[in-house]
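Each residue of the sequence shown is one higher than the one before, counting from 1 in full-length UniProt numbering.
No lab work stands behind these hints, which were simulated from the structure alone.
Among the clues, some could well be false.
[Stated by the list, open to error] Straight line, CA to CA, 30 Å or less: simulated DSS-like cross-link-like pairs of lysine-lysine:
(1) Lys71 with Lys103
(2) Lys103 with Lys69
(3) Lys51 with Lys71
(4) Lys51 with Lys69
(5) Lys103 with Lys51
Keep in mind it's a predicted model, so treat the numbers as computed, not measured.
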Amino acid sequence: MMHRPRRVCKGGSSIGDTMGYDAGMKQASAPALPPDVLAELRPGQSIELLKALHILTRDGRLNQDTRRKLKQVNHLLRFIEPLLDDALAARGDVTVVDHGAGKSYLGFLLYDRLLAARGVGTVWGVEARAELVQRAQALAAQLGFARMHFVAATVRQAMQTLPAQVDVVTALHACDTATDDALDFALQRRARAIVVVPCCQAEVAATLRRSKALQLARTSLAELWRHPLHTREFGSQVTNVLRCLRLEAAGYDVTVTELVGWEHSLKNELILARRTGRGKRSAALRLQRILDDLGLAELAGRFALPSPEPRLDDGG
Numbered sequence: 001m002m003h004r005p006r007r008v009c010k011g012g013s014s015i016g017d018t019m020g021y022d023a024g025m026k027q028a029s030a031p032a033l034p035p036d037v038l039a040e041l042r043p044g045q046s047i048e049l050l051k052a053l054h055i056l057t058r059d060g061r062l063n064q065d066t067r068r069k070l071k072q073v074n075h076l077l078r079f080i081e082p083l084l085d086d087a088l089a090a091r092g093d094v095t096v097v098d099h100g101a102g103k104s105y106l107g108f109l110l111y112d113r114l115l116a117a118r119g120v121g122t123v124w125g126v127e128a129r130a131e132l133v134q135r136a137q138a139l140a141a142q143l144g145f146a147r148m149h150f151v152a153a154t155v156r157q158a159m160q161t162l163p164a165q166v167d168v169v170t171a172l173h174a175c176d177t178a179t180d181d182a183l184d185f186a187l188q189r190r191a192r193a194i195v196v197v198p199c200c201q202a203e204v205a206a207t208l209r210r211s212k213a214l215q216l217a218r219t220s221l222a223e224l225w226r227h228p229l230h231t232r233e234f235g236s237q238v239t240n241v242l243r244c245l246r247l248e249a250a251g252y253d254v255t256v257t258e259l260v261g262w263e264h265s266l267k268n269e270l271i272l273a274r275r276t277g278r279g280k281r282s283a284a285l286r287l288q289r290i291l292d293d294l295g296l297a298e299l300a301g302r303f304a305l306p307s308p309e310p311r312l313d314d315g316g
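Use the sequences and the hints to build the structure in full.
What follows is the structure, encoded as structure tokens:
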């Protein structure tokens, strides 16, 4: 894994970091931007970055799609910021790994808004498409974001290469089982916090579909997924329920909420998890019961606890 050399000054922050951030602050306060655009920005956001990500047009405007995207990421950062603060308070540094990074909107905006001015904190973007990784590396170098790194790899491959110390793991719209791979990574690294917005869950729905006739003969509850549309939606719901139970069994406090309103995205379920180290036996039992009751036992490995398994408390 090769990275572009970076000049770093004392204290861990790069010369380019400071210059890039200062430039961004000056640009964000520029009065030339339309009032409706300024209303969507946060103090200090780099206009250069937003234009490079094609969130802002060259003349500093937002279209409907990019406005929605910016609103979604900015709202997500409100949930992530206290998690970064917790890690910084605990050990004076923070490492964030963003899986399924794509064009790295989340990683860049997180770094620009929450880490660039602090002089500490590292963001790793993991993306399987090498061309997107190359573009992200070039943009980070252009902006002087020296503590951003990118890896062209699947989540499974990244498990062997990324740092052992990881504080926050994110996955924004990582499709289907890529979200579960991100959870595997977070559990393996015992991350302090996990932030995922799942997308396009298909594996559970496909399994429900294959066993539909058998389940209809066995239980009237199979009516919940008899019709194809219901199979898809019910499968998505069950997938996220199983993910939450898995996290609770693995020693995390879990919160599920909406990321943004339905008018902005139909894939807006946000799962937040903070590590306590005290796994719930009841969550592990309920997870297994759901797999058995819905005929999903073949997916037990997908929702298994990490090895070695955490100590399970008897609490509910």
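Cross-check of the supplied hints:
{"no.": "1", "hint": "Lys71 with Lys103", "verdict": "17 Å, holds"}
{"no.": "2", "hint": "Lys103 with Lys69", "verdict": "12 Å, holds"}
{"no.": "3", "hint": "Lys51 with Lys71", "verdict": "15 Å, holds"}
{"no.": "4", "hint": "Lys51 with Lys69", "verdict": "13 Å, holds"}
{"no.": "5", "hint": "Lys103 with Lys51", "verdict": "13 Å, holds"}
Checked against the numbered hints given earlier, this structure breaks none of them.
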